[in-house]
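Using the sequences and the hints, build the whole thing.
Top line first, the protein sequences correspond to chains Z and H. Those letters in the first sequence? Residues 171 to 430, per the working numbering, in order. Those letters in the second sequence? Residues 22 to 262, per the working numbering, in order.
There are no misleading hints in this set.
So the derived list for chain Z, only partly shown, Cβ under 8 Å to chain H, looks like this:
no. : residue
1   : E268
2   : E283
3   : G388
4   : L390
5   : R391
6   : M393
7   : S400
Quick caveat, the hints were computed from the structure, so don't treat them as lab data. Think of the CB as a built atom: it goes at the ideal place given N, C-alpha and C, for glycine as much as any other residue.
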Amino acid sequence: MTITPAIKRDYIANLAKDGKRADGRKFEDFRNIEIETGIISKAEGSAKVKIGNTLVIAGIKMDVGEPYPDSPDSGVMSTAAELIPMASPDFEAGPPREDAIELARVVDRGIRESEIIEVDKLCIEPGEKVWIIFIDIHILDYDGNLFDAASLASLAALMTAKVPAKRFELGEDYPLPLKEPPISCTSVKFNGVTIMDPSLDEEEIAEARLTVATDEKGDLRAMQKGLNGSFSVDEVKKIIKVSIDTGKKIREQLYKSVGK
Amino acid sequence: MKTDIKLLENGKRLDGRKYDELRPIKIEAGVLHRAEGSCYLEWGGNKVLAAVYGPREAVPRHTQNPLRAIVNARYNMAAFSVDDRKRPGPDRRSREISKVISEALENVIILENFPRASIDVNIEVIDAEAGTRCAGLTAAAVALVDAGIPMRDIPVSCAAGKIDGQVVIDLGKNEDNYGQADLPVAISPRTGEILLMQMDGHLTMDEFNQALDLAIKGCHIISDLQKKAIMEKYQKITEVK
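This is the structure we're talking about:
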């Protein structure tokens with residue numbers, strides 16, 4: 171664990187008292203987002219997302235496999251995240267720790283529960299063969315807010331993915347059938363203020379975190395509260411509102427960058 | 022998961038409950054001998070045991086925090102607790118639940134009193150029927166009180182969700198499987214602060230507000246049951262003497 175010097179903590183907290191952040195952003199501002207797709211030729215779909223200095227890549231691989239018994243004509247998806255040692259001095263090699271598991275599961279929920287992937291169109295032979303989608307997320311540079319970077323990278327990768335039908339002798343490749351993407355926005359709270367898209371320094375002094383995934387209509391699709399601090403009901407509602415507004419802007423950028 | 026199962030009929034739910042009616046809940050404090058504090062909780066078809074050990078020296082030592090205690094909640098589902106046998110041991114789901122429960126409990130425990138210590142909270146789900154994380158956290162809170170761990174409040178958890186377009190409290194098994202949204206929440210009932218919140222599915226802003234209100238309402242009802250269970254335990258001890 172990195173020990174944030176008390177000075178830095180005071181500095182960030184004092185700035186927040188005056189409504190400021192260390193990098194000059196307003197409380198509800200995101201850092202600059204860059205999305206690049208199609209970066210890995212072997213993958214069915216891939217994307218690199220930068221939020222400030224945080225850098226994440228996501229790759230989609232697909233395979234043909236057996237469906238789950240309770241949904242014999244639906245495709246299957248699975249999400250994994252790796253916090254590889256290159257991204258931070260605090261990340262260790264080896265099996266995923268609980269942070270990586272929470273990250274993967276929150277991204278997974280955002281995608282799964284919003285039903286962006288039309289799994290019913292991914293059946294090859296009911297009960298026998300369906301498409302299996304693996305979303306793998308690699309964190310390359312960690313400067314805060316992995317939840318949003320990872321989910322945005324996964325979405326961009328999915329939206330540019332091609333079902334590799336040819337490789338499995340199932341006809342021509344075709345784009346992965348998708349609906350509108352839900353956009354995840356993360357806020358953290360410290361010293362009574364809530365800020366959007368925390369940097370690493372802000373994350374290190376954060377008391378509570380809330381990730382909200384919203385869809386095009388401004389409806390809620392997934393949420394996750396983290397850390398041992400708490401939120402009041404009003405704070406939660408305020409964060410949701412900002413997340414809906416910010417989500418709209420990010421969605422536009424995402425559409426643009428995947429050419430839709 | 023689309024399905025034709027009807028979850029609402031004539032304004033009633035499959036198990037006959039009203040929209041804002043909880044499943045029956047039974048809480049008993051101090052049920053295990055070795056643990057410093059324990060609790061047995063039945064919530065509808067859920068049966069959950071929670072046991073607390075500590076504060077004791079945190080191991081491995083690198084997990085120690087020189088300024089405060091850490092809370093180590095371990096949520097575990099028994100292999101026989103679900104329809105299809107669950108492979109024993111921690112999986113990704115249970116590790117995530119353990120993490121969010123640990124964080125929620127850390128919020129209310131006075132951790133500064135026990136530097137370098139860990140407070141270990143074991144939650145065993147022996148029979149599962151939707152809402153096990155709420156049941157687990159609620160039981161863990163009672164076990165912590167039973168263990169005499171100093172706390173600012175007794176946290177409590179309850180979920181709300183949406184079935185057939187209707188916002189309801191405390192989803193049952195079919196409602197969870199075939200419903201449209203689930204919103205588990207844990208609060209500190211004294212302050213109303215939210216300690217745990219997760220959501221999946223689809224809720225409009227209005228539905229979210231309704232669901233959050235319902236879940237918090239449920240939390241306060243269950244909070245009274247927790248306190249009653251603790252009082253009952255001490256009443257029994259007094260009677261024996």
